[in-house]
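Engineer: Sequence:
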Amino acid sequence: MSRVLVGLLWLLHWLPLAVLAPIGEALGLILYRAARTRRKVVLTNLRHCFPEWTEGECRLMAERHFRLLGRSLLERGLLWWAPRERLERLIRIRGIERVQALLDAGTPVILMAPHFVGLDMGGTRVTMAFDIVSIYARQHDAVIDRWLHHGRSRFGDQRLLPRDESIRSTVKAMKAGRPFYYLPDMDHGRKESIFVPFFGISTATITGLPRFARMAGAAVVPCQTRMLRGGAGYEVTLGEPWADYPSGDVTADVARMNAEIERMVRAEPEQYYWVHRRFKTRPEGERRFY
1 MSRVLVGLLW
11 LLHWLPLAVL
21 APIGEALGLI
31 LYRAARTRRK
41 VVLTNLRHCF
51 PEWTEGECRL
61 MAERHFRLLG
71 RSLLERGLLW
81 WAPRERLERL
91 IRIRGIERVQ
101 ALLDAGTPVI
111 LMAPHFVGLD
121 MGGTRVTMAF
131 DIVSIYARQH
141 DAVIDRWLHH
151 GRSRFGDQRL
161 LPRDESIRST
171 VKAMKAGRPF
181 YYLPDMDHGR
191 KESIFVPFFG
201 ISTATITGLP
211 RFARMAGAAV
221 VPCQTRMLRG
231 GAGYEVTLGE
241 PWADYPSGDV
251 TADVARMNAE
261 IERMVRAEPE
271 QYYWVHRRFK
281 TRPEGERRFY
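Note that our numbering gives residue 10 to position 10 of the sequence shown, counting from 1, and the numbers run on in steps of one.
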């Protein structure tokens, strides 16, 4: 089945994005109606994060999210096979000079990239500008794993590290001048997590960002990828480095990270990866969300 999926993505990647995008949105609508469990997760997340919204507003946002999710699934084929020149036209990037200035000054860099639907597009575009290091979670399906790994490493000299050897190797790579493309906003359980607010909810959050920043002496640069309407492509923004980070107070630093991610999400709520059970791990004695 996975080989059939890969073949379909190969065929679709030849289409202009203006044609591929509405096909992806149609797929998203099908998923919205068919994937009942994931639809329930999305609606649960939206109800908790936006209690001021009506039920109708939550459902409308969930539908918009699935439309973009469908796009992101079908447009992945572009990352696997489209030539560099086409991807550079489709994925615009701003702020390269900020990161380059830090690297030229000998400052290690962490690109803090929250889980937006355009995340992989942004990651690929970053690899066209820099040789990076990132953490790669191996997929259960060998065919999908092969192509995902290919898509994330096809440009430049990229280092994709498994989680079990990520800390020392990542710090060493950053100190050698590789930006670290880091995704710190998923629920990985209680291990190495603390509970800090996210949308006013006590949320299990890994402490990796301030830890990596302290160990490498790295600057944290927010990296957000926006999916643009129709066939307009994507836009990656490398923001201003965070001042006074880390502060030495891990709880405050992780809470600041969540607050910064929340600010990004509120600006583009339909583009955040709501299908993830972000609030799965609850404080002791607290009722489950899902």
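In case anyone wonders, no lab produced these hints; they're calculated from the structure. Keep in mind that this is a model prediction, so the values were computed, not measured. Be aware that a few hints might be false.
[Said to hold, decoys possible] With a straight-line cut-off of 25 Å between C-alpha atoms, the simulated BS3-like cross-links for lysine-lysine are:
1) 191 / 280
2) 280 / 40
3) 191 / 172
Engineer: Hint compliance check: list the failing hint numbers for this structure, sorted ascending.
Structural biologist: none
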